[in-house]
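A.B. asks: So you can see what is in the structure, the chains are spelled out below.
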Amino acid sequence: MRVLVVEDDAKIASFVVRGLKQAGYAADHAPDGETGLALAESTDYDAAIVDVMLPKLDGISLVKRLRAARKTIPVLILSAKSSVDDRIRGLQSGGDDYLTKPFAFSELLARIHALIRRATQSPEATRLTGGDVTLDLVTREVTCAGRPVELQPREFTLLAFLLRHVGRPVSKTMILEHVWDYSFDPQTNVVDVVVSRLRAKIDPDHRRLETVRGVGYIFRPHG
Amino acid sequence: MAKELDAATPLAGPRSWSGRDRRLRQSLAFRLAVQYALVFALASALMFSVLYWMLASAWDARERGALERRAEDFAGGFNNGGVPGVIARITNETSSDTRALFVRLTRPDNLIMYTKWPDDWIESQVQQLVPGISITHNVLRIPQDKARDYTIVSRPLPNGWMLHVGRLMDSPAVFLAPLRRAFAVVGAGALFLSIAAGTILAWRATRPLRAVSETARRILDTGDLAARVPGATGRGELAELVRQLNTLLDKNAAHVRVLRETLDNLAHDLRTPLTRLRGTAELALQSGGDPAEARSALADCVDESDRVLHLLEALLDISAAEAGALKLNLDRLDLRSLVERAADLYREVAEEKHIAVLIDAPDPVEVGADAIRLGQAVNNLLDNALKYTPDGGKVVLWARTEPGSAVLAVRDNGPGVPLPEREAIFRRLYRGDSSRSQRGLGLGLSLVKAIVEAHGGTVSVGDAPGTGAEFTMRIPVR
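So the sequence lines, in the order shown, correspond to chains A and B.
In this text, residue positions in the first sequence follow the working numbering: the first is 551, and each later residue adds one.
In this text, residue positions in the second sequence follow the working numbering: the first is 267, and each later residue adds one.
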């Protein structure tokens with residue numbers, strides 16, 4: 551797995567590249583848009599992380615030119631701008647995901663992982679599992695340690711999302727995006743509420759659904 | 267910096283006495299007065315010249331007429347008695363006037379038959395001229411000196427004889443000298459007076475301009491935003507200018523005040539979490555190095571920095587909305603869809619508190635609005651209602667189309683909002699008294715207000731039917 555990091559801030563670039571390498575990815579760094587474009591066109595990357603504000607060629611234009619050249623490489627756009635308009639602009643230019651600075655590295659990693667999986671994976675299985683928890687997307691049956699569990703629709707969607715990211719932390723923002731279909735953070739504690747309900751049903755002994763402080767939640771296979 | 271500004275702006279100027287002098291000379295008032303005085307002086311000079319010329323010619327005509335009458339009289343004497351007749355007429359009249367007369371008779375062959383020289387005539391001067399004169403002009407004037415002219419009237423007599431009658435006459439230049447002097451003196455005085463009075467009048471008339479410049483300089487120099495231009499009570503263009511400028515200054519001061527308050531609040535609100543953050547980090551540094559404790563401290567730091575970030579973003583949103591810089595993507599939408607989405611978002615939160623969220627909106631409520639922004643406002647109103655409604659309570663989301671506006675009301679059966687707090691709860695970073703205080707940024711309602719007002723609408727709070735609070739937003743429908 552090879553990831554291209556196009557970021558002009560040396561500090562951010564170095565911690566992202568180091569983090570990616572620790573997580574088992576190969577990572578290349580381009581300090582400006584033109585270098586980034588040249589690298590992306592000549593090398594076969596599995597994903598690219600592109601900052602919006604770049605010298606020589608800005609990130610949005612870079613992505614547009616990549617798409618114009620029929621490069622389907624998944625792109626995560628990084629930006630200091632958090633407004634909904636900027637997010638929409640970033641996604642319309644051909645970006646596949648959008649993350650606002652400052653960000654938690656684990657969230658960046660989770661999103662990159664999801665992007666690569668989405669781009670490479672064969673059609674999803676109808677049955678998701680995480681340790682002793684199983685979820686059937688078709689029959690909507692959920693079992694925990696062999697016993698059936700009754701879940702409300704939103705709890706079900708949340709569990710499905712967590713099971714797709716087993717062993718990797720997901721942020722509240724990611725949950726809001728995928729479970730509530732909110733493209734911005736409505737600044738509420740709804741995620742905590744639903745997570746604690748789900749926890750009560752599938753993880754009464756607090757071994758599967760962990761809170762990662764400062765990041766979000768992680769589902770650990772158990773049993 | 268201030269010096270540069272002085273040089274760059276004509277409003278400001280040096281304040282020394284010599285500077286004051288220069289200021290006077292450069293002042294609009296002085297220049298106006300001088301220009302008008304010059305025009306006035308030119309016009310007066312022209313008028314005086316015409317008057318002078320008319321006076322001089324009238325005087326001349328009169329004197330000449332008198333001389334011609336004498337010549338006529340003597341001609342009569344000649345007709346009756348020849349040369350002796352003329353002499354008889356001359357000697358008959360012994361008046362001083364006659365004594366001053368020059369009389370001469372010439373024959374057709376230009377031989378002088380009679381001459382009478384007055385005492386004050388200098389013969390040599392006239393001698394050269396008169397004998398050879400072929401008289402073509404009726405009247406001849408020859409200057410004797412600067413002050414007087416010889417004036418000689420020629421009158422043809424029968425049989426080719428010629429009669430010359432002359433007299434020394436004051437030249438008009440001498441006669442009118444006092445008039446000229448008077449004009450010079452009075453004119454100079456008037457010119458000086460008109461410049462002085464004109465300057466004073468113009469100086470007074472342009473006082474508002476100087477007041478404006480003075481005020482501008484004071485604000486530039488001292489940053490005193492409370493400075494206002496005096497003299498706004500009058501009528502006319504300048505008073506209007508002063509009033510408009512003062513209004514402008516008022517608005518600016520209000521904006522600056524709001525900005526300063528926001529910054530103060532922001533600084534205060536950033537200080538608290540930043541202090542906690544710093545304290546947590548410092549404590550973790552000092553403690554023995556227990557990894558678990560250090561991790562927990564780091565997590566606290568991340569939480570706090572997230573809180574700071576959210577606060578900052580919410581404040582920026584509010585500021586943008588209040589400054590009219592919030593970009594709205596207006597669409598026609600049904601307010602009910604926003605209400606349903608909000609109820610859906612908060613379903614689990616409401617369930618946890620056993621609060622029933624009811625939607626009372628039987629008909630579509632069409633409105634032109636930014637779905638995301640207005641959705642945020644609706645969410646915040648519901649969030650607020652859920653926070654202040656006790657367990658087992660009820661929240662009603664009520665939406666109707668009223669004439670000219672789309673109305674959304676969020677009613678709860680909580681404690682309601684006390685009258686004195688109803689304005690304040692929409693202020694940024696305001697949190698109700700401690701008994702009601704909940705964890706939160708204190709920005710939810712001010713964001714609602716900013717968003718609704720960016721849509722041209724209003725938001726208010728009142729009593730719900732029965733008990734509790736009712737928040738109402740009205741968005742105008744065009």
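Some clues are possibly wrong.
Claimed, not checked - EDC-like, lysine to aspartate or glutamate: derived pairs with alpha carbons at most 16 Å apart: (1) 606/A / 559/A; (2) 660/B / 629/B; (3) 651/A / 572/B; (4) 593/B / 742/A; (5) 631/A / 579/B; (6) 614/A / 646/A; (7) 722/A / 572/B; (8) 751/A / 618/B; (9) 621/A / 596/A; (10) 614/A / 591/A; (11) 382/B / 359/B; (12) 621/A / 657/A; (13) 593/B / 591/A; (14) 631/A / 583/B; (15) 722/A / 569/B; (16) 751/A / 614/B; (17) 651/A / 579/B; (18) 619/B / 755/A.
Claimed, not checked - Listed below are several chain B residues computed to face chain A (Cβ distance under 7 Å; list not exhaustive): (19) 569; (20) 597; (21) 600; (22) 619.
To be verified - The following label-pair restraints were derived from C-beta to C-beta distances: (23) 562/B / 742/A: 33 to 39 Å; (24) 562/B / 565/A: 20 to 26 Å; (25) 653/A / 600/B: 33 to 39 Å; (26) 557/B / 605/A: 38 to 44 Å; (27) 576/B / 559/A: 21 to 27 Å; (28) 614/A / 657/B: 50 to 56 Å; (29) 600/B / 614/A: 32 to 38 Å; (30) 556/B / 742/A: 23 to 29 Å; (31) 558/B / 677/A: 17 to 23 Å; (32) 548/B / 562/A: 24 to 30 Å; (33) 728/B / 677/A: 51 to 57 Å; (34) 630/A / 657/B: 39 to 45 Å.
Simulated from the structure, these hints should not be mistaken for laboratory data.
Virtual Cβ for every residue (Gly too), placed ideally from N, Cα, C.
A.B. asks: Against the structure shown, which of the earlier numbered hints fail to hold, in ascending order?
C.D. replies: 2, 4, 12, 13, 18, 20, 21, 22, 23, 31
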